[in-house]
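Trainee: If you read the sequences in order, they're chains Z and C. Here the first sequence is numbered in the working numbering, starting from 1 and rising by one per residue. Here the second sequence is numbered in the working numbering, starting from 1 and rising by one per residue.
These are calculated hints, taken from the structure and not from any lab test. This structure is a prediction, so every number in the text was calculated from the model and none was measured. Glycine is no exception: its CB is placed at the ideal position from the N, C-alpha and C atoms. Treat the hints with care, since some could be wrong.
Quick list of in silico lysine to any residue cross-link-like pairs, SDA-like style, CA-CA up to 25 Å [unchecked claim]: (1) Lys108(C) x Gly142(Z); (2) Lys108(C) x Arg126(Z); (3) Lys116(C) x Glu187(C).
Output of the computed footprint for chain C on chain Z, the stretches with three or more beta carbons under 8 Å from beta carbons of chain C [to be verified]: (4) 15-22; (5) 27-38; (6) 60-70; (7) 150-157; (8) 162-173.
The chain contents come next:
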Amino acid sequence: MSKDFNAIVSEYGPLLSRIASSYEANQHLQQELLQEISLAVWQSLKAFKGNSSLKTYILRVAHNKAVTHVAYHAKQPSSERYCEIESPHSTIATSATNGAFTDRRPSPESDLAKQHKVNLLLQAVRQLPVQSRQIVTMSMEGLGYQEIAEVCGISSTNVGVILNRAKKSLTEIINHE
Amino acid sequence: MSNDDFNLDKIWQQQDVTKVNVQSLKRQWWLMRMKQYLYIMLDGLAVMSVPLVLWFFPKELSTFEGVWIGVVFLFVCIWFFYLLWLRRFSLGFNSETATTSDFIQRVKLQYQQNIKIAYVNKVLCYITPMFFVGYAAFAFWGDFVEQQELVRKAKVMLILNIVCMPLMWLWMHKRQLKFKRLLEEFESQSPLN
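Please build the complete structure, drawing on both the sequences and the hints.
Mentor: Here it is in structure tokens:
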């Protein structure tokens, strides 16, 4: 395995995990999707020619993989109850802001409130149609209209329309609670 | 960026994340490559088995059997290249790096081709016994092969046809239904509908 890929995993791992969580609520399937996405990114790295930023390229690969995964698992029975992987809320794990992993301390009240908002946002994002979901997550990951348009293969005007509509509905859900 | 947008981005970035299991990725990568090599090897063996028979057992085959095996080889070659042609959409196309719209079109096309491939293989299950029956008929009435030898070969062919062909048909039928279901699910989820 090349050093490049290890560096990419440590830099973009949190981003890939957030993409996976926008497609899968089930922890087990989320982990599976994250692995599938990472493998697809690894395979596709040799084809990267620098025509776009690496982040845009990785997001394109990740979303394409996630679309296939969701279509495949669409009618599989839900196995949340039998999930062996612990939820990130109960693991030691890791919380990441802007790509850096940091230790998570046991949650005080403010953390619980924050977690509640995060869960609300995730649930709302997962209910969006696939295209809106892709556009809104890429925007929240810091991509501009033009970059999102290149990934999705639609015009940037169209991106703007879909993004505004999606963000409005997400904001309403968050503020309503 | 409005305040609401900033809040959404901030909440989004605060979510817990799972670490990528690099060791498991290595294992998956290795398994995937081995599987690809195995498929290529099996495809190659299927095509090459016929001329190999001609090469290794030329004296044990009558002229009629040689011609018959040659016809089978020709048929296998046509079938092999037809399948290759059906797979052309996935060959040489980097689906992961395409734009989402192109990617979705390609995935749909590949599902459709997989349905066709399964159907073609089902048809093959009907044609294969005809080859054997044809061989037996020609050999029997044409008097090309000794009676005892013909009975022995006919028994082997009968067992192969009775056991292998229904299993193969069932497997292909399941694949055909599976890809039909996947296509329907994919079309219902596709953002381009």
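Trainee: Would you pick out the hints that fail for this structure and give their numbers low to high?
Mentor: 1
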